[in-house]
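Colleague: Chains A and B, in that order, give the protein sequences. Each residue of the first sequence is one higher than the one before, counting from 1 in the numbering used here. Each residue of the second sequence is one higher than the one before, counting from 1 in the numbering used here.
Each hint should be verified, as a subset may be incorrect.
Unchecked claim - A few chain A residues facing chain B, derived, Cβ under 8 Å:
| # | residue |
| --- | --- |
| 1 | T94 |
| 2 | S113 |
| 3 | V155 |
In short, the hints are calculated from the structure, not lab data. In this text the structure is predicted, and so the values were computed from the model without any measurement. Think of the CB as a built atom: it goes at the ideal place given N, C-alpha and C, for glycine as much as any other residue.
These are the residues of each chain, in order.
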Amino acid sequence: MKYEGNIIRYGDNVDTDVIIPARYLNTSDERELAAHCMEDLDPAFRSRVRKGDILIAGQNFGCGSSREHAPIAIKASGISLVIAKSFARIFYRTAINIGLAIIECPEAAEAVSDGDRVEADLDRGVIRDLTTGQEFRTEPFPPFIQQIISAGGLVRAFSEGKI
Amino acid sequence: MGMTMTQKILAAHAGADRVAAGQLILASLDRILGNDITAPVAVRAFSGMGTPAVSDPEKIVLVMDHFVPNKDIKAAEQCCICRDFSREQGIRHFYDAGRAGIEHALLPEQGLVTAGDVVIGADSHTCTYGALGAFSTGIGSTDMAFGMASGKGWFRVPSAVRFHLTGSLRRFVSGKDVILHIIGKIGVEGARYRSMEFDGDGVSALSVSDRLCIANMAIEAGAKNGIFPVDEQTLAYLSAHGAAEPRIFKADADAQYDAEYEIDLSEIGPTVAFPHLPENTKTFSEIGNIPVQQVVIGSCTNGRLEDLRAAAEILKGRHCAESLRVIVIPATQQTYLDAMDEGLLRIFVESGAVVSAPTCGPCLGGHMGVLAAGERAVATTNRNFVGRMGHPESEVYLASPAVAAASAVTGRITSPEEVMA
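Generate the whole structure from the sequences, applying the supplied hints.
Modeller: What follows is the structure in structure tokens.
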């Protein structure tokens with residue numbers, strides 16, 4: 001799985017309430033959720049995000065509620081990959097289960113700047129900052145996680161007999 | 001190497017003699033829980049899995065609690081999805097407004113969880129049931145769908161952090177102060193991916209209600225679960241609520257822990273978590289004059305009868321400050337009735353508080369007490385993230401029912417020791 005996009009950067013402890021505020025949880029429509037993604041953290045996110053962009057953040061990304069609406073909103077916004085120093089555990093599961101690619105890479109999360117162009121090859125475990133030329137290593141995903149993400153989530157992977 | 005209490009429960013549910021931290025296992029589930037926000041997403045995922053019927057409708061519990069009584073048309077439609085699904089699938093444990101309450105107060109009260117169970121819930125505060133000696137953890141809607149289809153869930157076996165409790169709580173100090181104190185000490189990711197295992201002589205000095213409150217907020221330290229050993233109090237509680245026969249698991253004496261903390265309960269004072277993270281804790285020597293415009297007493301963390309009693313003790317014969325609104329929310333229908341029988345609801349209403357039907361409502365800024373820009377609330381809830389209770393420029397201060405009630409009287413964040421002096 002390869003991804004290339006521009007970086008949108010946030011800090012530590014980005015919680016699910018700012019990713020998608022509960023006042024919008026009266027729907028599970030992904031377009032409606034995407035329309036309010038990151039609204040309470042960065043009102044400019046919606047106008048700025050482009051299909052394929054990569055989110056980068058600090059520690060404990062996705063902490064708080066178990067709402068699967070959070071990774072759904074991020075994915076439907078066009079974000080192709082989230083790189084963080086660390087993820088909260090429920091978010092880690094929900095992102096993989098709905099087919100949003102995520103990867104822990106503290107070095108990249110520290111070094112990469114907002115607006116940089118980044119390329120990531122998760123099968124090989126390589127993240128490259130095309131703007132600065134820096135390269136970072138990550139743990140490659142095990143095959144079954146690659147299957148889930150490439151199928152577009154656990155439901156499709158399960159119904160297609162891939163897992 | 002020995003196993004922790006959590007590891008022993010998981011091993012038994014995975015059909016294994018032993019499991020080790022980091023191992024991936026497929027475990028059988030005793031309960032699968034969802035609510036009016038997360039279950040509709042799970043129902044959609046379930047319908048995409050190509051399995052016409054759930055594996056065991058008796059294991060599934062659906063509780064309509066977040067936006068009920070329905071706050072708007074969309075919320076009402078989410079409940080319809082759950083109602084229809086329950087009917088189609090023969091799910092008996094479907095709890096609608098009027099028969100329900102906040103899920104994590106309701107399940108223990110209805111005897112739906114017993115010691116030794118493995119419970120998953122598409123709600124992060126599912127970790128509450130660790131207070132009863134169960135392994136319980138929050139998961140997402142897709143995990144819930146997989147659980148409904150297969151009766152199983154996959155887990156990475158967690159390592160653990162041990163909290164050895166000694167002593168007993170001072171007057172006006174409760175389980176809420178204990179868990180805020182601990183989160184302040186270890187941080188919001190201090191137990192990330194791990195179990196928080198509580199033990200020591202101090203456990204017996206904590207009521208089941210205090211333990212439920214402590215385990216409830218394990219997620220606020222990033223934990224996978226929080227768990228207490230089973231003692232006489234647990235067994236009496238389970239029996240009184242008609243729970244299934246408990247299965248008692250104990251941590252091995254040589255179990256390994258990533259970290260160990262000694263907590264002397266008698267040293268903990270009333271504690272408040274300042275915006276915008278539960279780890280931003282302060283005690284009253286560090287808290288100045290902070291006026292608030294709203295007080296919320298309720299939630300899955302602190303909406304049980306014992307919590308309402310603690311608040312009523314302070315509000316009895318006193319008036320809420322005119323500068324604020326006070327909202328009291330009994331967590332379940334039964335709690336509401338009990339509070340009525342004990343005269344607590346009269347105390348609240350006479351003091352100038354609103355008493356609401358059971359709902360999660362204001363805790364997540366849904367309804368029944370949403371904040372405007374610039375407003376502050378003292379709440380007995382569990383999260384104080386940006387925008388959690390309403391406008392992104394509002395603020396939430398997390399505290400115990402006693403602190404919330406004392407603050408209601410003065411209109412600023414106040415220690416119960418000051419009001420009751």
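Colleague: For which of the previously enumerated hints does the structure constitute a violation, in increasing order of number?
Modeller: 2
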